[in-house]
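Visitor: One letter stands for each residue in the lines below.
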Amino acid sequence: GESVGLHLPTLSVQEGDNSIINCAYSNSASDYFIWYKQESGKGPQFIIDIRSNMDKRQGQRVTVLLNKTVKHLSLQIAATQPGDSAVYFCAERVGTYKYIFGTGTRLKVLA
Amino acid sequence: DAGVTQSPTHLIKTRGQQVTLRCSPKSGHDTVSWYQQALGQGPQFIFQYYEEEERQRGNFPDRFSGHQFPNYSSELNVNALLLGDSALYLCASSLSSGRAIDTQYFGPGTRLTVL
Chain A
101 GESVGLHLPT LSVQEGDNSI INCAYSNSAS DYFIWYKQES GKGPQFIIDI RSNMDKRQGQ
161 RVTVLLNKTV KHLSLQIAAT QPGDSAVYFC AERVGTYKYI FGTGTRLKVL A
Chain B
5 DAGVTQSPTH LIKTRGQQVT LRCSPKSGHD TVSWYQQALG QGPQFIFQYY EEEERQRGNF
65 PDRFSGHQFP NYSSELNVNA LLLGDSALYL CASSLSSGRA IDTQYFGPGT RLTVL
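Sequences listed follow chains A and B, in order.
Adding 100 to a residue's 1-based position in the first sequence gives its number in our numbering.
Adding 4 to a residue's 1-based position in the second sequence gives its number in our numbering.
Calculated from the structure, these hints are not laboratory results.
Since no wrong hints were added, every one of them can be taken at face value.
For the chain A half of the interface with chain B, some residues (derived, Cβ under 8 angstroms), not all of them: (1) L108; (2) Y132; (3) F146; (4) K198; (5) Y199; (6) G202; (7) T203; (8) G204.
These figures come from a predicted structure and were not determined experimentally.
No residue lacks a Cβ here, since even glycine has one placed at the ideal position from N, Cα and C.
Hey, can you work out the whole structure from these sequences and the hints?
Guide: Okay, structure coming up:
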């Protein structure tokens, strides 16, 4: 399939290490945020979400941190695996129905 | 439980033609949003349909139009195609009724190439 994100920022991590992917969002009024994973040739896949009234939320091997003061989101992936290799996008809900996506980060897991 | 499905998978058109893309939402979902994703970029919001009406639109020209059917499926139409319309078109479905948070789930996309 075609490649997603040919010129995106790339984060390379060793298999088994923890990964941290960062995202700066644009609208201080955004109340809901989602991290998506997109593999080549596929649509974005939901990973984890967080509401603006929270600072941290944990899932299975993933944690999202929200810093509203500096409008920053991060996605932490524990014990990164080869299957985690993909492009990761953060999305913020602006208004009631519209989502704005970040530019994306390519995660490469090195064996 | 079927996820979001889109058709066709790939499509090749020439400039000036018109195209229709189709989306079936995830079972139980009532809302469909369409996005355009150019190569190397994040998805950009085109519009959202709920109760068979467009309820929000992104910064796209009127050449982009849509429709939602009573069974919640949706179509995206693009008229007078331009080379710059070449992209991956993504459909996302969610459940709006009675919910404050409408997490969107995406389909695999339709790759449109305009020659």
